[in-house]
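Throw the hints in and build the complete structure from the sequences for me.
These protein sequence lines map, in sequence, to chains A and S.
Just so you know, my numbering puts the end of the first sequence at 113, numbered straight through with nothing missing.
Just so you know, my numbering puts the end of the second sequence at 110, numbered straight through with nothing missing.
A couple of the hints might just be wrong.
[Said to hold, decoys possible] Using 30 Å as the maximum straight-line C-alpha spacing, the simulated DSSO-like pairs for lysine-lysine come out as follows: (1) K97/S <-> K65/A; (2) K70/S <-> K97/S; (3) K97/S <-> K56/S; (4) K70/S <-> K59/S; (5) K57/S <-> K97/S; (6) K7/A <-> K97/S.
These aren't lab readings, by the way, just hints derived from the structure by calculation.
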Amino acid sequence: SAVISQKPSRDICQRGTSLTIQCQVDSQVTMMFWYRQQPGQSLTLIATANQGSEATYESGFVIDKFPISRPNLTFSTLTVSNMSPEDSSIYLCSVEVQGTEQFFGPGTRLTVL
Amino acid sequence: TQLLEQSPQFLSIQEGENLTVYCNSSSVFSSLQWYRQEPGEGPVLLVTVVTGGEVKKLKRLTFQFGDARKDSSLHITAAQPGDTGLYLCASTYNTDKLIFGTGTRLQVFP
Chain A
1 SAVISQKPSR DICQRGTSLT IQCQVDSQVT MMFWYRQQPG QSLTLIATAN
51 QGSEATYESG FVIDKFPISR PNLTFSTLTV SNMSPEDSSI YLCSVEVQGT
101 EQFFGPGTRL TVL
Chain S
1 TQLLEQSPQF LSIQEGENLT VYCNSSSVFS SLQWYRQEPG EGPVLLVTVV
51 TGGEVKKLKR LTFQFGDARK DSSLHITAAQ PGDTGLYLCA STYNTDKLIF
101 GTGTRLQVFP
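Given below as structure tokens:
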């Protein structure tokens, strides 16, 4: 298993600003993932972050809007840039352990005014 | 793009009732996972089913994988308020990315 923490747990931000979300894992993992969960909805994959390479973004998500860093095997950040109210969501990171099993962080609840 | 449809979208029941949640896809699943998410937390894996026709039980929860591996169901017997949450099916479809279903929000009243 893996224990994942995220910071901040929640934030309220002004339109046009940026927020960086941190994800810390208690063990070294190859693959980390960032998801968005809009209010009342399911999870949508934003990007896959592997250490030592650029993140791979899903359709509808771009690096300029959601830059990701993966400096080592236990840490990653996701930045939500130039925020608008439509970015209000829960952002979750997850890691893959032993094949296809994924463990999720508690999420960061973002509200953009 | 793979699409996993779940039904019902919402379910509100009394404690002690039984319920079934369904997950359907137009494509064959490589394997299928069921997660539960409680407010303020990330999803937690309940079970993984791999073989067509497979049935797995986890206390009062019974998971079934369709013979053709394109559908799955989750049955809860004698639901309790602690079962309240968002239930999500998910599959990788033999890729390295987990695709989630549309979700079923369950509320169990005492």
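Exercise. Of the hints stated earlier, which fail here?
Worked result: Every hint satisfied by this model.
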